[in-house]
Amino acid sequence: MKQENITAENKAFRPLNLARKISPAESAIQVLLFLAGILSIFVTVAIVYELGKEAMLFFTNPDVTLGKFLGTTKWQPGIGQYGIWALVSATLVTSFVAIFISLPLGLAAAIYLSEYASFKSRSILKPILEVLAGIPTVVYGYFALLFVTPILKAIFGDQLQVYNMLSAGIVMGIMILPLISSMSEDALSAVPRSLREAAYAMGATKVETSLQVVVPAALSGIGAALIVGISRAVGETMIVAVASGSGPNFSFNPLDAAETMTGHIARISGGDLSYNSIDYTSLFAIAMMLFLLTLVLNLISQWVVSRFRERYE
Amino acid sequence: MEKNYAIESNKLSIHYGHFTAVRDVSIKIEPQKITAIIGPSGCGKSTLLRALNRMNDFVPGCHVTGELLLQGQNLYGRDIDPVEVRRKIGMVFQKPNPFPKSIYENIAWGARINGFKGKMDDLVEQSLRSAALWDEVKDKLQESAYALSGGQQQRLCIARTIAIQPEIILMDEPASALDPISTLRIEELMQELKKNYTIIIVTHNMQQAARASDFTAMMMIDDQRAGGVIEFDETKKIFTRPQDKRTEDYVTGRFG
Numbered sequence: 020m021k022q023e024n025i026t027a028e029n030k031a032f033r034p035l036n037l038a039r040k041i042s043p044a045e046s047a048i049q050v051l052l053f054l055a056g057i058l059s060i061f062v063t064v065a066i067v068y069e070l071g072k073e074a075m076l077f078f079t080n081p082d083v084t085l086g087k088f089l090g091t092t093k094w095q096p097g098i099g100q101y102g103i104w105a106l107v108s109a110t111l112v113t114s115f116v117a118i119f120i121s122l123p124l125g126l127a128a129a130i131y132l133s134e135y136a137s138f139k140s141r142s143i144l145k146p147i148l149e150v151l152a153g154i155p156t157v158v159y160g161y162f163a164l165l166f167v168t169p170i171l172k173a174i175f176g177d178q179l180q181v182y183n184m185l186s187a188g189i190v191m192g193i194m195i196l197p198l199i200s201s202m203s204e205d206a207l208s209a210v211p212r213s214l215r216e217a218a219y220a221m222g223a224t225k226v227e228t229s230l231q232v233v234v235p236a237a238l239s240g241i242g243a244a245l246i247v248g249i250s251r252a253v254g255e256t257m258i259v260a261v262a263s264g265s266g267p268n269f270s271f272n273p274l275d276a277a278e279t280m281t282g283h284i285a286r287i288s289g290g291d292l293s294y295n296s297i298d299y300t301s302l303f304a305i306a307m308m309l310f311l312l313t314l315v316l317n318l319i320s321q322w323v324v325s326r327f328r329e330r331y332e
Numbered sequence: 360m361e362k363n364y365a366i367e368s369n370k371l372s373i374h375y376g377h378f379t380a381v382r383d384v385s386i387k388i389e390p391q392k393i394t395a396i397i398g399p400s401g402c403g404k405s406t407l408l409r410a411l412n413r414m415n416d417f418v419p420g421c422h423v424t425g426e427l428l429l430q431g432q433n434l435y436g437r438d439i440d441p442v443e444v445r446r447k448i449g450m451v452f453q454k455p456n457p458f459p460k461s462i463y464e465n466i467a468w469g470a471r472i473n474g475f476k477g478k479m480d481d482l483v484e485q486s487l488r489s490a491a492l493w494d495e496v497k498d499k500l501q502e503s504a505y506a507l508s509g510g511q512q513q514r515l516c517i518a519r520t521i522a523i524q525p526e527i528i529l530m531d532e533p534a535s536a537l538d539p540i541s542t543l544r545i546e547e548l549m550q551e552l553k554k555n556y557t558i559i560i561v562t563h564n565m566q567q568a569a570r571a572s573d574f575t576a577m578m579m580i581d582d583q584r585a586g587g588v589i590e591f592d593e594t595k596k597i598f599t600r601p602q603d604k605r606t607e608d609y610v611t612g613r614f615g
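Protein chains in written order, with our numbering: chain Y, 20 to 332; chain W, 360 to 615.
Since the hints were made in silico from the structure, they are not lab data. Among these hints, one or two may not hold up.
Unchecked claim - Straight-line alpha carbon distances no greater than 25 angstroms define the calculated SDA-like cross-link-like pairs of lysine to any residue that follow:
| hint | chain 1 | residue 1 | chain 2 | residue 2 |
| --- | --- | --- | --- | --- |
| 1 | W | 387 | W | 563 |
| 2 | W | 447 | Y | 214 |
| 3 | W | 460 | W | 439 |
| 4 | Y | 225 | W | 441 |
What the hints assert, rightly or not - Computed far set for chain W versus chain Y, every beta-carbon distance over 10 angstroms:
| hint | residue |
| --- | --- |
| 5 | 401 |
| 6 | 443 |
| 7 | 446 |
| 8 | 456 |
| 9 | 460 |
| 10 | 480 |
Stated by the list, open to error - Residues from chain W that face chain Y, not an exhaustive set, calculated with beta carbons under 8 angstroms:
| hint | residue |
| --- | --- |
| 11 | 433 |
| 12 | 435 |
| 13 | 469 |
Beta carbons: idealized from backbone N, C-alpha and C, even for Gly.
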């Protein structure tokens with residue numbers, strides 16, 4: 020094809036067409052991306068629907084009342100005791116211990132990696148930390164039972180039960196540590212360098228700059244890490260099933276054995292369950308409660324974070 | 360008796376690894392004057408400026424040779440704490456970079472970490488007045504600094520620098536991201552500030568250097584791509600009777 024010289028004369032005679040052109044590839048990709056987005060929403064709705072349907076069967080059982088469910092502390096559906104708090108308490112205790120361990124440690128590790136570590140030490144430490152995230156949770160469970168519990172036994176003596184919430188919570192904290200530290204580190208690294216320079220140029224030390232300028236500016240990302248960490252702890256099953264105990268027990272003492280909501284669901288659904296029995300439908304009520312608990316904890320931490328974050332740009 | 364200078368450099372060179380970015384700068388900066396550093400892009404103006412309060416310490420591989428004297432002390436001496444250096448030599452950056460805190464806290468923070476014990480409200484007001492910003496923000500001190508316009512943010516950055524009462528204020532193209540009116544306000548502010556502070560400013564804008572500065576340092580790179588000060592004199596001499604042909608070409612806009 021002969022190349023036409025672009026001159027003012029040639030251009031003037033080229034027909035002008037500004038009409039909208041239809042591109043099938045463009046539209047197809049748009050539809051595909053939309054479907055990908057809608058899929059996750061659809062799955063969430065489907066889960067809530069299924070949970071709700073089965074949980075309804077539980078709550079419409081003449082033996083069960085909402086007052087009993089939320090107002091008592093013994094859980095034994097076989098003999099008519101439906102106090103969900105026996106399970107919620109264990110979930111709250113183990114999750115609290117896990118966050119108590121992982122938030123400070125994870126944040127400290129993140130601050131070290133983002134503000135202090137040299138390029139070389141970061142490139143060694145970060146992959147090692149992320150190995151922690153790749154360990155199967157059942158391994159963590161036995162690590163808690165066979166390694167951490169004996170150590171705790173040496174500290175607390177006979178007060179500590181063989182299966183206990185403290186050990187499970189601590190190990191759960193170790194499990195979510197890489198999650199919290201890596202998400203927090205991303206948030207810290209995203210804080211513009213100009214803010215650090217501003218602080219240094221005013222005679223701030225490294226500690227003052229990191230803790231009083233960088234961390235507050237990264238708080239929304241750190242909060243997101245906290246939320247994901249909480250959700251992960253509340254939903255974690257295998258560690259608590261192995262190490263925390265296998266019987267509902269309303270207790271806020273971390274040294275006691277107690278079964279969490281997830282641990283209970285895992286244990287009961289593993290046995291012979293007849294469809295439509297009260298044991299079966301109660302599992303969905305617990306799952307519904309778990310869902311709501313996670314939602315509420317997320318909302319609370321979101322509110323806390325938005326209250327304290329410092330927004331840059 | 361020898362004259363007192365605000366800061367003087369003696370064969371100061373700045374290296375990145377094996378590469379020398381700025382070579383053998385020996386200048387004496389007069390106190391309570393405005394000194395402009397001009398020169399084409401990439402000649403090391405900002406690098407030199409950042410060396411003056413040891414901000415280059417954060418650049419991996421950067422090291423400095425030669426002497427930089429503040430009241431007889433070599434700022435690159437072995438027992439010098441760079442944090443203390445930056446308390447005495449403040450800096451205002453090219454892009455306004457207020458902290459994502461309230462207007463009040465932007466000023467109070469620096470004073471607090473520097474051990475300020477007096478009445479904070481007074482210091483905040485005084486600093487904002489000195490930066491010609493008080494009247495615009497006095498009713499919204501608790502609002503975020505990001506609610507301000509670019510020019511106001513830059514004056515806030517100047518105010519928080521004043522609040523820690525440095526000896527010298529470095530300005531790295533402080534008006535290049537601002538519109539002409541805000542630029543003019545910054546220049547007027549500099550004239551006020553030089554009554555109490557020594558100001559060293561890097562600028563791309565030749566008119567700004569001619570209008571606002573008392574002394575001008577002209578920088579240019581040599582054949583090994585290292586920048587250096589080729590001429591340093593009173594601003595009116597640099598712009599009317601430059602000694603160096605390259606300076607003349609540059610200030611008259613015939614730079615090639």
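Against the structure, the hints:
Distance hint between residue 387(W) and residue 563(W) is fulfilled; the C-alpha atoms sit about 21 angstroms from each other, no more than 25 angstroms. Our distance criterion of 25 angstroms between C-alpha atoms is met by residue 447(W) and residue 214(Y), whose separation comes to about 19 angstroms. Taking the CA atoms of residue 460(W) and residue 439(W), the gap is about 31 angstroms. The hint is violated against a cut of 25 angstroms. Restraint check: the Cα-Cα separation between residue 225(Y) and residue 441(W) comes to about 11 angstroms, which is no more than 25 angstroms; the hinted pair holds.
With a cut of 10 angstroms on Cβ distances, residue 401(W) stays outside the contact zone with chain Y, its closest approach being about 20 angstroms. Chain Y draws residue 443(W) into its interface by the beta-carbon criterion, the shortest separation being 7 angstroms against a cut-off of 10 angstroms. Not every beta carbon of chain Y lies more than 10 angstroms from that of residue 446(W), the smallest distance being close to 3 angstroms; the non-interface claim is violated. Not every beta carbon of chain Y lies more than 10 angstroms from that of residue 456(W), the smallest distance being close to 4 angstroms; the non-interface claim is violated.
Chain Y draws residue 460(W) into its interface by the beta-carbon criterion, the shortest separation being 6 angstroms against a cut-off of 10 angstroms. Against the 10 angstroms criterion, residue 480(W) stays outside the reach of chain Y, whose nearest CB is about 19 angstroms from its own CB. Below 8 angstroms, beta-carbon pairs count as interface contacts, and residue 433(W) has none with chain Y, the closest being about 19 angstroms; its hint is therefore violated. Checking residue 435(W) against chain Y: minimum C-beta separation of about 17 angstroms lies over 8 angstroms; hint violated.
Checking residue 469(W) against chain Y by beta carbon gives a least distance of about 4 angstroms; that is within 8 angstroms, so the hint holds.
Against the hints set out earlier in the document, violations occur for numbers 3, 6, 7, 8, 9, 11 and 12.
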